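Peer 1: Going down the list, the protein sequences come from chains A and B. With the working numbering, the residue at position 137 of the first sequence is 137, and numbering never jumps. When you read off a place in the second sequence, starting at 1, and then add 139, the result is the number in the working numbering.
Hints are not guaranteed to be accurate.
As the list claims (entries may be wrong) - Cross-link-like lysine-lysine pairs, in silico, DSS-like; alpha carbons within 25 Å at most: (1) B:157 x B:167; (2) A:87 x B:157; (3) A:87 x B:167.
Just so you know, the hints here were simulated from the structure itself, not pulled from any lab data. Just so you know, these numbers come straight off a predicted model, no measurement behind them.
One-letter residues, chain by chain:
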Amino acid sequence: MSEQLNPYFGRYARPFLRTTFSERNGTTQELMLLADTGSPYPVILSPFWFDRLVHTETRDVDTNFGRLYSGWVHLYMPDYGLSELAKGYSNQHVGESLAEENPDLVGLVGLPLLRLGEYGGNATDFWFRSSPPTPTSTP
Amino acid sequence: MRNEAEHQLNEAACDRMKDELERTYPSKQFVAFGHGQVIGDSADFFELMGVIERQGRDPREVMVVRIGDEEMDGRTIFSPFLSDLK
């Protein structure tokens, strides 16, 4: 079972996840994304990374943080048993705000992505790990 | 960089054809739009990418929807982090 244990970082002790995506040409990119269970959107990226990782566009959405550009991204974390298409979103304001907090932060992951594995936290760390295999029923 | 005019054309076509798309294609089918028209479909996203590229189109200027996906427009992001940053 793969797991990452990430100490909270920054002034406000933010939880984060190292998340890997596959670009259109197959190159993989590991990004540091804020873990945010309050977001119903799987992935929100800075415009730079959205443009780089998006495979095709999909329908945009309006939210309480403004309009988000939308497209399909490929989450590729084989160690966690994850190779999933996900809807990625982008918003200039969100990207700039995250960069002000920490230049290494280039987006956030929301609940739909976190639920692809198991996640949690304690006083010092945030963790994410692959889901255990679903038990099969025995006769 | 996005071609906004192309995106608006595709989004308008998708809105206009919403009911027809759901009648025509099975759930989870990927359907691609280019220049305001359906240009391909597949159950496999990456196979559809290949179809788009063989048409000589830039996939980044094509809009792909998945039939039956939950509507995500108008959602509220309950994010303490983003609220702090706002």
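Peer 1: Next, verify each hint and record whether it holds.
Peer 2: Outcome of the hint check:
no. : hint          : result
1   : B:157 x B:167 : 14 Å, holds
2   : A:87 x B:157  : 19 Å, holds
3   : A:87 x B:167  : 14 Å, holds
In this structure, none of the earlier numbered hints is contradicted; all agree with it.
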